[in-house]
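J.: Full structure from sequences and hints, please.
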Amino acid sequence: MANEITYQVSIASTKATAVVSSGTISDTIDMSGTYGATETQLIGTSNEALSFNTTDITGDVHLVIRNNDATNYVEIFKDSGNTHLLSKLNAGESCSLRRVPSATLYARANTASVSIQFWILQA
460 MANEITYQVS IASTKATAVV SSGTISDTID MSGTYGATET QLIGTSNEAL
510 SFNTTDITGD VHLVIRNNDA TNYVEIFKDS GNTHLLSKLN AGESCSLRRV
560 PSATLYARAN TASVSIQFWI LQA
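By the count of the numbering used here, the sequence shown reaches residue 582 at its end, each step adding exactly one.
Simulated from the structure, these hints should not be mistaken for lab results.
Be a bit skeptical, because a hint or two may be false.
Unchecked claim - In silico EDC-like pairs for lysine to aspartate or glutamate, Cα to Cα no more than 20 Å straight-line:
{"#": "1", "residue 1": "K547", "residue 2": "E498"}
{"#": "2", "residue 1": "K537", "residue 2": "E507"}
{"#": "3", "residue 1": "K547", "residue 2": "E507"}
T.: Listed below in structure tokens is the structure:
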């Protein structure tokens with residue numbers, strides 16, 4: 460079967476000097492893998508690997524992450540040394556990442572531990 464994954468994104472601003480609106484951009488893509496998961500994880504202030512609670516998720520993945528904290532930000536890295544920042548999520552923010560290596564996803568909270576939620580699908 461084709462087109463098993465659907466993405467929808469949009470961006471808009473109403474600031475006087477930057478009025479833009481992309482509208483909703485959506486596309487569907489094939490899912491060559493067979494596994495997915497929804498996880499909630501408490502992330503501390505030291506770098507730690509994202510935990511999928513399954514060994515079935517390997518290779519590249521599609522990932523949506525939400526920072527559930529009300530105060531602190533969390534950083535998402537693609538390496539354990541914190542040198543390749545993928546996203547910095549302020550309190551309540553989310554991001555979408557496509558085709559990133561599942562074995563090298565790490566997170567680190569700022570100031571205090573934060574709860575993140577993520578949805579992950581094999582690419």
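J.: Which of the stated hints cannot be reconciled with the structure, identified by number in ascending sequence?
T.: As far as the earlier hints go, not one is violated by this structure.
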